[in-house]
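Required output: the full structure, derived from the provided sequences and hints.
Protein chains in written order, with this note's numbering: chain A, 1 to 746; chain P, 1001 to 1167.
Some clues are possibly wrong.
[Said to hold, decoys possible] With a cut-off of at most 30 angstroms between alpha-carbon atoms, the simulated BS3-like pairs for lysine-lysine come out as follows:
id, chain 1, residue 1, chain 2, residue 2
1, P, 1003, A, 247
2, A, 660, A, 583
3, A, 151, A, 184
4, A, 323, A, 151
5, A, 284, A, 303
6, P, 1011, A, 246
7, A, 276, P, 1011
8, A, 246, A, 257
9, A, 303, A, 276
I should point out that these hints are in silico values taken from the structure, not numbers from a laboratory.
Given the structure is predicted, the values throughout are model-derived calculations rather than measurements.
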Amino acid sequence: MLATSRRGFFGVVVGFSIADSAIAPRAAADTVKPPASDRLDSWIRIGRDGGVTVFTDKVDIGMGLQTALSQIVAEELDVSPRRVSFVLGDTAMTPDQGGVGGSTSISNGARPLRNAAATARALLLQLAAERLGAPAGELTVADGVVIGGGKSVSYGELVRDHELNGALRVSGRGFNVNVEGQGKPKDPSQYKVVGKPLPRAELAAKILGTAEYSTDVRVPGMLHGRVMRPPAAGAKIESVDDSAAKKIPGFVRTVVKGNFAGVVAENEWAAIRAAKAVNITWSKPAAELPADVFAHLRATAPKASRPGLSRGDANALASAARKIEASYEWPFQAHATMGPGCAVADVRAGGVTTVWCGSQKNHALQKGIADLLRVPPDRVRCIWMPDAGSYGRAGYEDAAADAVVLSQETGKPVRVQWMRADMTAWGSKGPAAVIDLAAGFDAAGNVSAFRFESRCFSGSEVLYVADAAGNFLAARLMGLPNTSAGTEFCNFGDCCPVYEFPNLQSVAHVVPGLDDPASPLAATHLRDPNGPQGTFAMESFIDEMAAAAGSDPVEFRLKYTKDPRARAVITAAAERAGWKPRKSPGGDAGAVSRGRGMAYAVRGGTYVATVAEVEVNRRTGAVRVTRMVCAHDCGLIVNPDGLRGVVCANLIQSMGRALKEEVLFDRERVTSVDWNTYRVARAGDVPEHVELVLLNHPELPPGGAGEPSSRPTAAAIGNAIFDAVGVRLRRVPMNAERVKAALARA
Amino acid sequence: MAKIPLHVNGKAHTVDADPDCPLLYVLRGDLELNNPRFGCGLAQCGACTVLVDGHPARSCVLPVSRAANKQIVTLNGLGTPEHPHPIQTAFIEEQAFQCGYCLNGWILTANALLDRNPHPSEEEMRAAFAGLVCRCGSHVRIFDAVRRAAGMIRGSGQAKDQDWRRA
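Next comes the structure, spelled out in structure tokens:
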């Protein structure tokens, strides 16, 4: 039942069944040792049918990663990528690679797989040389068949009598784990499979309706849970009356621990009804949420400040001939995954536990759940299943903890499915930020000084690595401290492009979080932590500077940019868009004005430039994006078609973040609870034209693509609005009300 | 609780369910049909879409008693892996989703749209999809897939091997 998403089309692992091992009941003494990273067969195995099975922590959260990794492995082994199947994100079966995140799964995560595959090939060629009586150096391989000395033998035949294994050298930790063996990877100039478009291995099954998600996991005896979150941030449980719930057929019990409350029932509908029927009296919280998050960020003393990249004369701004300043605001935004958090947990005697969920980082989750249960991590096994997308620390971890608490209390496996508001209102949020920028010009109109100062909530209030109990919302509601909370800044440079200004100063501040003890506004990583925030500010302000200098925004960027890859994406996007140099604004004065805007971004060695074209209705303030052109350089491209799909989706999602997405809240609670109160891009918002220019660099290592194209969108749209109607939007989302108000002020 | 007859993907079932229970939980829980997915429980997103007598319905709010004796089709019943529906073929050809959690709504709504209008304009297509959410933002390829499916259904463009999308 669990097997479909965990096996490829052709790869069959001989000797054990993944599906059976994943759902087999476990004895109390069971422990789960992670596979040894220094053994080849922990990473890669060849079956007697020639199928290749790869074991990796690099789970595929819907961006085609598995397919790209299959190309990288197939390339080294000289087999068809369709022979490569995967076991993904199972702490009992896949070496710890830190899970996925930070757009690093190809750049860093593929390295040990590439090296392990190259080593497997070298060992297979040694076996083949003996078998064929020909020197290994004279052998060739075609789709897993080794040819030499006038004879041939398949990989499957070679492993029939020989165990394919060996020692590997391990280095690095987390995302940077690498292994090296005796096989040397190919020179990229020899690539035949990497770089070619390939359909995603797992997508057809989803479209045909045969794929399984974490929501579909069923284990024998499984009960259904729902949670009841506080009606207001910080509210405490005073009394619980579940007499009405007890009358619902199928109701099992109510679980209350501290301020954590949940119900368990025999079926899902009974659990939903019971969650509503339990009458909880909650206290009125003493503390209030801020009335205005941006005023709060500006007025609150930072808990930490860090000087960032700075150079030149610190007083240059004061002595500038002309100075401009602006302040940019980015609201809390929600993961709001398509399916609310869902997980199944089976907690047995002695804390022996199995968890199924869509977390990006299952080895961390294993430690966090063990900490919650106060058992050693080797009692806990976390098994990844595909879920409803994932854009960071989405909340599957919290659903897993909910399921663990309910399973522990009932002694039965429990599936927890959050309701929509549990996800949108109570899931942790992408951090709000305020970024103040200033620029000085000399008498000749050249930029002489620049200053960047950010204030944000730490994006790791809820750490992206869920390896401690207090990381989970359930635990914080139960009163456990959030010991792993970190301080994460919106840094100049990391979060926005750096221009070649002679004098620049930057500083970043983090304001204390609202996470005491379990706030619905606790901040975490949401698709590119602080990158959209910083880039919206910088890439809008560079246009303000260009306007102040009377320059074309593209020419102005190029004037202060040396990095050839940055110049290349800016130029490529402008050329494809048919950008004609002129200063902004340039729109006409009609009822609907058209404008164009550019923004660019760098993230982790990936360069992106986006041009947006918009229509702004001067009467209503409504903005329609009619065209987006994106030039994208992530080094060597592994799967161009997969990359196009990812970038296209990023552009639309980030357009929704720029124009619509904002977590609303009053003094007590988050009021964005569903798709009407937390709006995202819809069919009617999609531009008529979305065009990509992929710049391939086979001479460079492959870089990340999961997040970078999210960065420039908001500024490109804001710049296009300014170009159309001459008003500058400095707060996201740039919705009709805000544009209309800005037009009225102009 | 009541005995309720359901016809799903051509098979007859009788379920013992609360008549007010939304169809979604009966399909998933009683019949173990995974395709319709819980997205919001509020009929706001479409992840739970099934066809009821040919019309897309939000199974998360449709009481199971109101689906009794009607023909219910889930994504899985639209085509088979051996003989996919042309719309499924078109969506596979266009690689139209990221996570795919939402796809029941898009594919079954596209099916209903193309059934009644094999030549939808861009505006008609967008209007048909106004009530759906795709949080990943896969809309551009979804629209490409619907255009391709429309062509296939009209017979003007067979599903050609794209030679897998020469780079």
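Mind listing which of the numbered hints don't hold for this structure, in increasing order? 4, 6, 7 and 9
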